[in-house]
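Visitor: As a plain string of letters, each chain reads:
There are 2 protein chains.
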Amino acid sequence: MHQPALVTVAVLLFSLTTVYGGNVLVFPLDGSHWVNMKVLIEELHSRGHSITVIRPTTNWYIKEKSPHYSCITIPVSGGGFVEEVFSLFVTRQLQIQREGGGFWSRISLELELVKLFYELHKDLVVMMTMIFEDAELMQSLRDAYYDLVLTDPAIGGGVFLAHRIGLPLVFNVRWTVQGDGHFAIAPSPLSYVPLPGALLTDKMTFQERVINVLFYLFTRFQIAYVIDSNYIPFVHRYFGPDVHYMSLFQAADIWLMRNDFTFEFPRPTMPNVVYMGGFQCKPSKPLPQDMEDFVQKSGDHGVIMMSLGTLVGQLPEDIAEDIAAAFAKLPQRVIWRHTGKRPTSVGNNTLLVDWLPQNDLLGHPKTRAFVAHGGTNGVQEAIYHGVPIVGLPLVFDQHDNLNRMRSKGVAKIVDIATVDRDIFLEAVKAVLYEPSYRENMQRLSRLHRDQPMKPLDRAMFWIEFVMRNKGAAHLRTESYKMSWFTYHSVDVVAMLLAIVLLIMLVIILAVRFLWRKVFCRRKVKHE
Amino acid sequence: MHQPALVTVAVLLFSLTTVYGGNVLVFPLDGSHWVNMKVLIEELHSRGHSITVIRPTTNWYIKEKSPHYSCITIPVSGGGFVEEVFSLFVTRQLQIQREGGGFWSRISLELELVKLFYELHKDLVVMMTMIFEDAELMQSLRDAYYDLVLTDPAIGGGVFLAHRIGLPLVFNVRWTVQGDGHFAIAPSPLSYVPLPGALLTDKMTFQERVINVLFYLFTRFQIAYVIDSNYIPFVHRYFGPDVHYMSLFQAADIWLMRNDFTFEFPRPTMPNVVYMGGFQCKPSKPLPQDMEDFVQKSGDHGVIMMSLGTLVGQLPEDIAEDIAAAFAKLPQRVIWRHTGKRPTSVGNNTLLVDWLPQNDLLGHPKTRAFVAHGGTNGVQEAIYHGVPIVGLPLVFDQHDNLNRMRSKGVAKIVDIATVDRDIFLEAVKAVLYEPSYRENMQRLSRLHRDQPMKPLDRAMFWIEFVMRNKGAAHLRTESYKMSWFTYHSVDVVAMLLAIVLLIMLVIILAVRFLWRKVFCRRKVKHE
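Going down the list, the protein sequences come from chains Z and X.
Using the numbering used here, the first residue of the first sequence is number 2, and each one after it goes up by one.
Using the numbering used here, the first residue of the second sequence is number 2, and each one after it goes up by one.
One or more hints might be untrue.
One copy or two, it doesn't matter: identical chains are merged, so the pair holds either way.
To be verified - Keeping only pairs whose Cα atoms sit at most 20 Å apart, straight-line, the calculated SDA-like set for lysine to any residue is: (1) K471 x S446; (2) K204 x M483; (3) K204 x P188; (4) K283 x N349.
These are calculated hints, taken from the structure and not from any lab test.
Assemble the whole structure, with the sequences as input and the hints as a guide.
Guide: If you want it as structure tokens, here you go:
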């Protein structure tokens with residue numbers, strides 16, 4: 002009779018854990034995705050939760066020592082997202098783009114991306130197999146009584162782990178193995194929901210809708226190539242032959258979407274999608290004194306800031322020269338994060354720096370425009386602070402992000418394939434001197450801030466909700482368990498149509514039968 | 002040059018208005034819908050907004066004098082929702098149900114409802130025509146500079162008015178002219194989104210999915226009969242021949258949905274849908290002393306409360322007798338809101354009252370079960386206080402509401418067609434003594450309360466959001482402007498299929514041509 006008492010004590014201890022601080026297992030993705038995940042981890046830590054991060058030995062950004070989390074390091078390489086692979090990829094992307102624009106160039110870029118993702122997922126499966134086969138590690142993960150797995154579902158590691166251990170699952174998500182996270186969970190009518198990469202808006206012409214459907218088909222191919230080939234054998238091995246890997250993804254409890262509707266076009270969503278776009282944004286702090294002095298000297302003209310993100314230093318030299326020459330012609334002052342060779346045409350008004358306090362500069366009242374590559378984080382910080390954008394998109398989702406901003410009238414895009422000093426100068430001048438860019442961005446900023454709760458607080462609420470309630474089953478449809486023809490009622494419609502046709506057939510036969518009877522009798526009479 | 006200054010002053014005054022208190026035009030629906038609307042109006046009033054309510058002379062609940070709002074009274078009858086019409090309707094509904102259950106009885110009930118709605122919308126069009134033709138009234142409405150129209154879109158009055166004056170539009174909604182509000186705005190796959198009235202859940206067998214599709218077709222007929230016939234001529238007259246009335250509805254800025262996912266099954270939604278289910282719920286206050294004494298004497302057995310809502314006093318006498326006799330057999334005490342003839346079989350444990358403080362009784366720690374008709378308000382209060390339900394559904398959405406509660410394991414339903422004292426007693430005993438009912442309801446209650454914001458505060462935030470931002474365009478898709486074949490990409494798919502078929506045809510013809518050429522040559526050679 003001692004067992005139940007023990008269980009009660011265990012349950013009590015367990016509830017105490019979730020009240021006084023949860024226990025979170027994080028399976029992150031390296032690179033810029035980690036920058037986002039770290040924001041959540043640090044906030045969770047500050048709220049008294051303890052965090053364990055799973056990382057490969059060969060990694061890029063994810064440090065082993067941190068005051069905010071402890072690590073479980075798996076002795077494998079980190080896949081496509083290590084620095085060298087990434088550098089090579091970016092260089093190759095720039096090369097393709099500079100060789101010429103157009104449809105085929107875009108397809109070619111997409112194919113390069115698919116190849117990168119293929120490698121990434123292949124390496125992941127190696128890592129996951131190593132984890133699953135390590136009985137001791139798996140037992141220690143089970144014994145740690147985590148409350149949930151927090152993961153970035155651009156790769157499947159966290160999903161597999163959560164299901165294997167039997168834990169609730171929270172996504173920190175923008176991209177999944179199915180492209181934009183929404184496509185994996187919410188109905189997405191292709192008539193007004195543009196596919197990522199298609200560079201369309203929510204208002205499309207017939208031709209654009211055709212392109213959107215073609216991009217959708219391309220995504221299906223991408224899933225088949227990248228995911229099916231890598232994940233199917235793995236899932237069948239560890240979860241059984243009847244399990245479809247997609248249903249493991251779609252069973253996540255909460256999707257914390259790094260997005261909101263100042264960024265995204267309005268579209269269908271689901272009850273367990275929580276929008277936390279801009280969760281990393283915060284009010285600006287004062288600048289370092291020398292930078293503040295430089296900024297103040299800009300007078301009424303104000304300052305332009307340029308940064309292509311922390312990942313890209315490889316801007317081709319001739320473009321850097323053109324940009325520097327264009328900046329030199331402006332009355333504004335320019336602060337430019339530039340790590341390559343110093344262009345010869347840099348003007349007196351331009352300060353080249355290795356690093357800049359991006360958030361503090363964006364929030365500075367003298368900042369007039371942001372020359373950016375269009376990474377999600379930078380775009381969301383620009384929205385938060387209301388600074389219009391001159392976009393120079395390079396890789397990944399940057400074209401797509403900037404296209405959204407252009408369609409909202411808050412950004413001007415220059416194409417790396419065609420840009421020269423005149424084109425660049427024109428674009429910067431437009432954003433500086435046509436008032437609509439700044440006005441639209443200020444309006445977007447007001448809308449973004451006009452929410453009942455700060456995005457980061459909302460994210461925390463729902464992570465802790467999952468801890469308190471051991472999931473969020475009541476917000477999650479299980480429709481993903483249906484086959485596609487059941488989901489779309491194809492079987493029902495087919496049956497109803499068959500019945501209607503059958504009834505029509507019977508009526509036609511009956512009428513013909515009666516008709517003949519009457520007609521034949523008459524014939525007989527006539528004879 | 003004075004004009005711009007004047008405009009500035011006007012704009013300034015206008016912004017001051019929205020800061021210090023908005024100006025809201027309310028177009029309500031009478032009956033229980035008004036009970037909900039009043040909650041919003043009183044809260045808006047307490048926040049310093051001024052409210053104007055449009056009402057017909059002949060009405061039911063909407064009083065002309067109120068400290069919370071002023072009235073514009075239109076000299077017409079209030080349509081189907083006046084008390085006499087409603088009483089007749091309820092009596093007729095009970096009669097049909099008692100004559101026997103089954104599919105045809107349900108269809109018959111639905112048809113009665115359709116007739117009632119037809120009359121309601123017909124009367125509304127008369128009222129709206131009167132308003133639109135009254136140039137002086139229309140001018141005064143324009144001159145009042147309302148910030149928005151708040152309306153219950155179960156009828157179209159507020160929608161028409163908002164578009165006519167050019168004002169943002171906020172819905173306080175559960176039902177629309179298209180049935181459940183979701184069906185008018187969000188994708189609703191029929192494979193897991195049950196139609197109201199079909200009494201299904203989100204997990205359906207093939208047969209149930211067939212029923213669901215049939216109910217959908219029935220809804221389409223209902224729309225055609227009730228709405229098209231009444232609204233189309235009106236819309237064409239006042240908004241132009243190209244305007245479809247549905248696009249007026251679907252253009253609403255914010256949909257405050259009287260629902261949440263402790264009540265509703267998980268399903269797709271839209272960014273401008275705000276869930277405020279349970280917004281009318283509040284902590285219980287102490288009971289009147291005599292009632293408290295009665296309750297306390299129940300000891301550990303606790304209390305059962307019964308109320309069929311404020312609208313139904315017409316419970317047939319024999320059923321009332323059976324219920325009273327069943328109650329008499331229980332050790333619990335019973336508080337029963339009963340306005341008809343006192344049943345002879347009332348036991349000593351039962352207190353009949355004309356009125357009861359429903360919220361305070363539901364929140365009382367001694368309350369063990371709630372015998373209810375299943376109106377949305379009562380069900381949501383039961384969820385809020387965690388009290389399991391014995392359901393006796395009569396009309397409207399009550400069957401549907403209770404069916405949802407049954408599927409969540411928090412309610413037992415008795416059918417008015419077959420109920421007798423034994424069946425009723427069994428149902429009450431089950432809810433009292435099978436722990437799952439109470440446990441499930443307590444869990445549902447915890448989930449309902451575990452939200453980042455109180456539902457009423459959330460509703461207020463979004464109403465004031467619309468005031469501040471003159472709408473919520475960034476949350477609202479304009480996909481409703483597309484035709485159905487564009488929306489579902491039928492044209493694109495047809496074109497792509499045609500191209501594929503054409504290519505196949507060309508290939509087949511080419512192969513055949515070549516084949517014949519080769520074959521014929523050989524033939525020639527052979528000869």
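Visitor: Give me the numbers of the hints this structure contradicts, sorted from smallest to largest.
Guide: 4
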